[in-house]
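There are 4 protein chains.
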Amino acid sequence: MHRGRYYTLSASCPDQTGIIARIAGFIAEHRGWILESNYHAESAERRYFMRIEIRADSLPFDLAEFRKRFAPLAGELQMDWRITDSAIKKRVVLLVSKQEHCLYDLLARWQSKELDIEIPCVISNHETLRGFVEWHGIAFHHIPVMADNKLAANAEVRRQFEEVNADTMVLARYMQILSPELCNEYPRRILNIHHSFLPSFVGAKPYHQAYQRGVKLIGAPCHYVTADLDQGPIIEQDVIRIDHSDSPEDMVRYGKDIEKTVLARGLRYHLEDRVMVHGNKTVVFR
Amino acid sequence: MHRGRYYTLSASCPDQTGIIARIAGFIAEHRGWILESNYHAESAERRYFMRIEIRADSLPFDLAEFRKRFAPLAGELQMDWRITDSAIKKRVVLLVSKQEHCLYDLLARWQSKELDIEIPCVISNHETLRGFVEWHGIAFHHIPVMADNKLAANAEVRRQFEEVNADTMVLARYMQILSPELCNEYPRRILNIHHSFLPSFVGAKPYHQAYQRGVKLIGAPCHYVTADLDQGPIIEQDVIRIDHSDSPEDMVRYGKDIEKTVLARGLRYHLEDRVMVHGNKTVVFR
Amino acid sequence: MHRGRYYTLSASCPDQTGIIARIAGFIAEHRGWILESNYHAESAERRYFMRIEIRADSLPFDLAEFRKRFAPLAGELQMDWRITDSAIKKRVVLLVSKQEHCLYDLLARWQSKELDIEIPCVISNHETLRGFVEWHGIAFHHIPVMADNKLAANAEVRRQFEEVNADTMVLARYMQILSPELCNEYPRRILNIHHSFLPSFVGAKPYHQAYQRGVKLIGAPCHYVTADLDQGPIIEQDVIRIDHSDSPEDMVRYGKDIEKTVLARGLRYHLEDRVMVHGNKTVVFR
Amino acid sequence: MHRGRYYTLSASCPDQTGIIARIAGFIAEHRGWILESNYHAESAERRYFMRIEIRADSLPFDLAEFRKRFAPLAGELQMDWRITDSAIKKRVVLLVSKQEHCLYDLLARWQSKELDIEIPCVISNHETLRGFVEWHGIAFHHIPVMADNKLAANAEVRRQFEEVNADTMVLARYMQILSPELCNEYPRRILNIHHSFLPSFVGAKPYHQAYQRGVKLIGAPCHYVTADLDQGPIIEQDVIRIDHSDSPEDMVRYGKDIEKTVLARGLRYHLEDRVMVHGNKTVVFR
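Residue numbers (the working numbering), protein chains in the order written: chain Z, 1 to 286; chain S, 1 to 286; chain G, 1 to 286; chain V, 1 to 286.
Please note that the accuracy of each hint is not assured.
As the list claims (entries may be wrong) - Incomplete in silico selection of chain Z near chain G, CB under 7 Å: (1) Gly-214; (2) Lys-216; (3) Leu-217; (4) Gln-231; (5) Ile-240; (6) Val-277; (7) His-278; (8) Lys-281; (9) Val-283.
Claimed, not checked - Chain Z residues, not near chain G, derived (Cβ > 12 Å throughout): (10) Asn-38; (11) Phe-49; (12) Lys-90; (13) Arg-91; (14) Leu-115; (15) Ile-143; (16) Gln-160; (17) Gly-219.
Hints are computed from structural coordinates only; laboratory data are not their basis.
Being a predicted model, the structure only gives us computed values, none of them experimental.
Beta carbons are placed, not taken as given, at the ideal position from N, Cα and C, and that holds for glycine.
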C-alpha cells in the first residue's frame with residue numbers, strides 16, 4: 001500500500017553477475033528510494049527478472065529523463081524493460097457477453113477505487129448488460145458477432161480499443177473467440193478467465209466434463225490470450241471443493257465465484273506490472 | 001439442483017430410535033418422492049436434526065394439508081419443525097452502509113437468479129448506495145443513525161422490515177449495531193458478515209489487530225446476529241493467506257473478497273433451510 | 001467418533017419412493033439405534049446410495065442374523081449391499097517402492113490407532129524399507145519386478161495378498177504398474193495415490209509436466225485402481241499453491257505433502273465404507 | 001533448489017536509500033553470483049530486511065574472509081546480520097512427549113534428505129518413543145518432568161542441547177512448558193507447533209474450545225517460543241475445514257495433519273534462514 005506516487009520498473013535480461021548492483025546502483029546514485037523490489041533468476045533459461053518500485057518524489061527528474069538516463073545501462077544489459085507511473089491510470093476495456101458475475105465484481109472494485117483504473121468502455125456481443133454499464137457512466141458498445149461477420153466484428157473490437165487508447169483488454173466471460181490476428185496484435189495485453197481447471201477439460205462445457213470425470217475439485221485460471229486457444233500463459237488460478245451431491249449446474253455456480261475472484265487477482269497483478277512472461281509461463285511478483 | 005417445485009422439511013427433536021423410520025414412513029405412505037435428505041444426531045445433547053426435500057408433485061395434497069397431517073407425528077416426537085415451498089420466494093431485506101462489495105455481489109447473484117429471492121428494499125444509514133440500488137428497481141430507505149436517535153432508528157428498521165413482510169435481514173457490511181431488542185425479536189433471521197476471523201480479534205479494526213499480531217491468515221465468518229455482539233452462531237467462515245508484505249490496507253482489501261463470498265454462501269444455506277441452530281452452534285446440511 | 005461397537009450398512013439400488021422408509025423401518029422394527037446415516041440420489045442414473053451406522057448393542061441379534069433377515073428386503077429393492085462390523089479390523093496390505101513419505105505417514109497413523117487396522121504385511125519391489133517396516137513388527141516381502149518377470153511378480157503379489165486374507169491393497173507410492181488381471185480381480189479394493197492433478201498431466205514425470213505448463217497449483221488424487229491406468233474413480237484430491245520460484249524438484253517435495261495427506265484421507269473413507277462407486281465416479285459420504 | 005554450495009546472508013537494518021546498491025555492489029565487486037534475493041521494507045518501523053543467496057564457488061574467498069570484509073559495510077549500515085554456509089548442516093534437537101505424528105513426519109523428511117540436517121538427539125519426558133528414535137540411529141534422552149523437578153528438568157534439557165552443540169530446538173508436540181529462563185536463553189531458536197488457531201483458543205484443550213464455539217475451521221500455527229506462553233512470533237499457520245458432524249476427537253485428528261505439515265514448513269523456513277523477527281512479528285521470505 002503506497003499512498004504517494006511511485007514508478008515501477010519491470011525488466012528481464014540475460015542472467016550474469018552484478019545485475020542488481022548495477023540497477024540498484026543507478027537508482028541509488030540519483031537518491032531513488034526503493035519501496036519494494038523483487039528479483040528472480042530463471043535458472044534453466046539463465047534469464048533474470050526484476051520489478052522495482054521507486055518513490056517518485058525521491059528522484060531529481062521526471063520519467064522521461066529517467067528513461068533517457070537509464071537507456072544506456074539497459075542496453076548494456078540487453079534488457080527488455082519498461083517503467084510506469086502510478087499517477088497515470090491504466091486504461092482497461094472490458095468485453096462481456098450475457099453473464100454478469102465478473103462485470104459486477106470488477107465494477108464494484110472500480111467504484112471503490114480498489115481498482116484505480118479508467119474504464120473507457122465496455123464492449124459486448126449482446127445488449128443485455130448495457131443499462132448496468134451505462135448507469136456507471138461508462139460507454140457501452142454493442143458489437144454483434146455472427147457466423148458471417150467475425151472478421152468485421154474483430155476489426156470493430158480493435159477499432160474501439162484503439163480509439164480509446166487503452167492498455168489492456170479483459171475478457172470478463174466474453175463468450176466469443178478473438179481472431180488470431182487480434183490476439184497477436186496485443187501480446188500480454190489481453191486477459192481471459194477460463195472456466196475450467198486448465199490444462200484439464202479444454203474445450204466446451206468444462207464443468208460438465210469435470211462432472212463426468214468425477215473430480216473433487218474444480219478451478220479456473222486467468223491467463224493471457226494467445227492465438228493458441230486456452231493455451232496462453234497462466235497468471236493465476238484457484239480451485240473450489242465439490243462433491244458427489246453437486247450437479248453440473250451447481251459446479252457452474254461454484255465456478256463463477258472462482259472465476260470472478262481469480263480474474264480480479266490476475267488483473268491486479270497485471271495492472272501493477274507484477275507479471276512477466278517468458279515462453280508460455282509467467283513470473284508473478286506478488 | 002432441482003428444476004421442479006419441492007418442499008423442504010427441516011426439523012429437530014429429542015433423539016430416540018425410529019425417528020427416520022417414522023418420518024420417512026409418513027412421507028412414503030403418501031408416495032412422497034424424497035430428493036435429498038440429511039440427518040444428524042448431536043450426541044452430547046441427544047438431539048436429532050434433519051432436512052428432507054420432497055418433490056411437490058409427488059404428494060397428493062398441498063402444503064396446508066401436509067402440515068395438518070404431519071402435526072400429530074411431529075407432536076409425538078416433540079419436534080421443532082417447519083416446511084417451506086420452493087415456489088414461494090423468500091423475502092430478504094439488505095442493510096448496508098457505504099461499502100459496496102457485498103451489495104454488488106448479492107445483487108449480481110439476484111440478477112442472475114442464482115439467488116432466487118425477492119428483495120423488497122435495501123436500508124442504509126447513508127445515501128451513498130441509493131442510485132445503484134434504485135437502478136435495480138429496488139426501494140431504498142435512508143435511515144440515518146446518530147448518537148441521539150438510535151432507538152428511533154432501530155424502530156424504523158423494524159417498521160420497514162415488517163411493512164414489506166420480509167423473512168430475513170442481511171447486514172451486508174452495515175456498520176451499525178442493532179439494538180438487543182431488535183436482535184431478540186428476529187432470532188435466526190438476521191445474518192451478519194463479521195470482518196475478522198472470530199473468535200480472534202473481536203471489536204474494532206480487526207484487520208489492524210491481525211496485522212499487529214502478525215498472523216499469516218485472515219478470515220471472516222457469517223453468523224446469526226444475537227444480542228451478544230459478534231458472539232452469534234457461526235454459519236460459515238473462510239480464510240485467505242497473507243504475508244509480511246501486506247499492510248493493514250491490503251488486508252482490508254483481501255478481507256473484502258472473503259467477506260462477500262462467505263456472506264453469499266451463508267445466506268444461501270440459510271435460504272435453503274440448511275442451517276439449524278442449537279445453543280450457540282449450527283448444523284449446516286450442505 | 002463412536003466409542004462403542006457399530007455396524008455399517010452401505011448400499012445402492014434403483015431409485016424409487018419409499019426406500020428410506022423401508023430400510024429405516026426395518027432397523028426401527030428391531031429397535032436398531034442409528035448413529036449416522038447418509039443418503040444420495042444420483043438423479044441422472046436414478047440410482048440411490050446410502051450408508052447407515054447402527055449401534056451393535058441396540059440390535060437383538062448378531063450380524064449373521066441381520067444379514068439373513070435383511071436379505072429379502074434387499075432383494076425386493078434390487079440392492080447391492082454389504083454390512084460390516086466395527087469390531088472386526090480391516091486387513092490392509094501396503095505396497096511401496098523406495099520413497100518413504102506415505103509409508104511413514106500411514107504407519108504413524110496405525111501406531112497411534114488413528115487407523116485402527118491390521119497390516120499383515122508390506123510388499124515392495126525394493127529392499128530399501130525393510131528395516132523400518134520390520135521394526136514395527138510387520139512382515140516385509142521383497143518381490144522384485146524386472147522386465148522379464150512381471151507376470152510372476154504380479155502373481156506373487158496376489159499370492160501374498162490372498163495368503164494373509166486381506167481386504168484392501170494400498171499402493172503407497174509403489175512405482176510399478178499392476179497387471180490388468182490383478183486390477184480386475186480386486187475391483188474397488190486397490191487404492192493408489194497418483195502424483196499429478198488428474199486428469200491433467202497423465203503419464204510420466206507429472207510435476208515436470210506441470211512445471212513446463214506453468215501452472216500455479218499442483219495436486220494429487222487418491223483413486224481406485226482399474227485396468228485403465230490412472231483413470232480409476234477418484235476418491236479424494238487436493239492441491240497446493242506453487243509459484244515461479246519453485247523448481248520441479250520443489251514441486252516434487254510439495255507434492256509429497258499432498259500425496260500422503262490425500263492417500264490417508266481416501267483410505268479412511270474407504271475403510272469406513274464411505275465410498276461407493278458408480279461407473280467411473282464415487283459417492284463419498286464424509 | 002540449488003545443487004551447489006551457497007552462502008545465505010540474512011540481515012536487517014534501519015531503512016535508508018542505497019542499501020541494496022551497497023550490498024549488491026559489495027557482492028558484485030567480488031564477482032559473487034546471486035542465486036536468489038529478497039528485500040522487504042517494513043515501512044511503519046522504517047526497517048529494512050533482506051536475504052541473499054550467493055554461490056560459494058563464485059567468491060574468491062571463504063566465509064571467514066567474507067565476514068571480515070563485509071563487517072565494515074555492515075557496521076556503517078547498523079546491520080543485524082548473519083551469513084551461513086549450505087555445506088554446514090544445521091543441528092536440530094527434537095523434543096517430544098507421547099504423540100508420534102510430528103516425530104514420524106520429521107524423521108521421514110530427514111531420512112529422505114528433504115530436511116538435510118543433523119539430529120544429534122531427541123529429548124522426551126516419556127519413554128514411549130525411544131525405540132522408534134533409536135532405530136533411526138539417533139540418541140534418545142528421557143528427562144522426566146514432575147511437579148517438583150521442573151527447574152532441574154529444564155536445566156537438563158539445556159545441558160543436553162548445549163552438549164551436542166545444536167542450533168535449533170523443535171517442540172514437536174512436547175507437552176511441557178519450557179521455563180522462561182530457557183526461552184530467553186535461545187531467542188528465535190526454539191520452534192513450537194501450537195494446537196489451536198492462535199490467537200483464538202489460548203490455553204488447554206483448544207480443539208474442545210473450538211468445538212464449543214462452533215467454528216467451521218480449525219488451525220495450528222508454528223511459532224518461536226518466548227517466555228510469554230503461546231504469544232511468540234508466528235512463522236506459519238494453516239487451517240482445515242470441519243463441520244457439525246465432527247466431534248472434538250475428530251478435530252484432534254484433523255488437527256494433527258495441520259500440525260505436522262505446518263511445523264515442517266515453519267522449520268524449513270527457519271533452517272533456510274528465511275525467517276526474520278521484529279517485535280512479535282516475522283518476515284518470512286518464501
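Each hint, compared with the structure:
1. Gly-214: Gly-214 of chain Z check passes; min Cβ-Cβ to chain G is 3 Å, inside 7 Å.
2. Lys-216: Holds: closest Cβ of chain G sits about 5 Å from Lys-216 of chain Z, inside 7 Å.
3. Leu-217: holds, 6 Å
4. Gln-231: violated, 9 Å
5. Ile-240: violated, 11 Å
6. Val-277: This interface hint is violated because 9 Å lies over the 7 Å limit.
7. His-278: Interface hint status for His-278 of chain Z: violated (9 Å vs cutoff 7 Å).
8. Lys-281: Holds, about 3 Å.
9. Val-283: holds, 4 Å
10. Asn-38: Check fails; 10 Å does not lie beyond 12 Å.
11. Phe-49: Not fine: 8 Å to the nearest Cβ puts Phe-49 of chain Z too close to chain G.
12. Lys-90: holds, 23 Å
13. Arg-91: holds, 27 Å
14. Leu-115: Fine: 21 Å to the nearest Cβ keeps Leu-115 of chain Z off the interface.
15. Ile-143: At about 32 Å from chain G, Ile-143 of chain Z clears the 12 Å cut-off, so the statement holds.
16. Gln-160: holds, 31 Å
17. Gly-219: violated, 7 Å
In summary, the numbered hints that this structure violates are 4, 5, 6, 7, 10, 11, 17.
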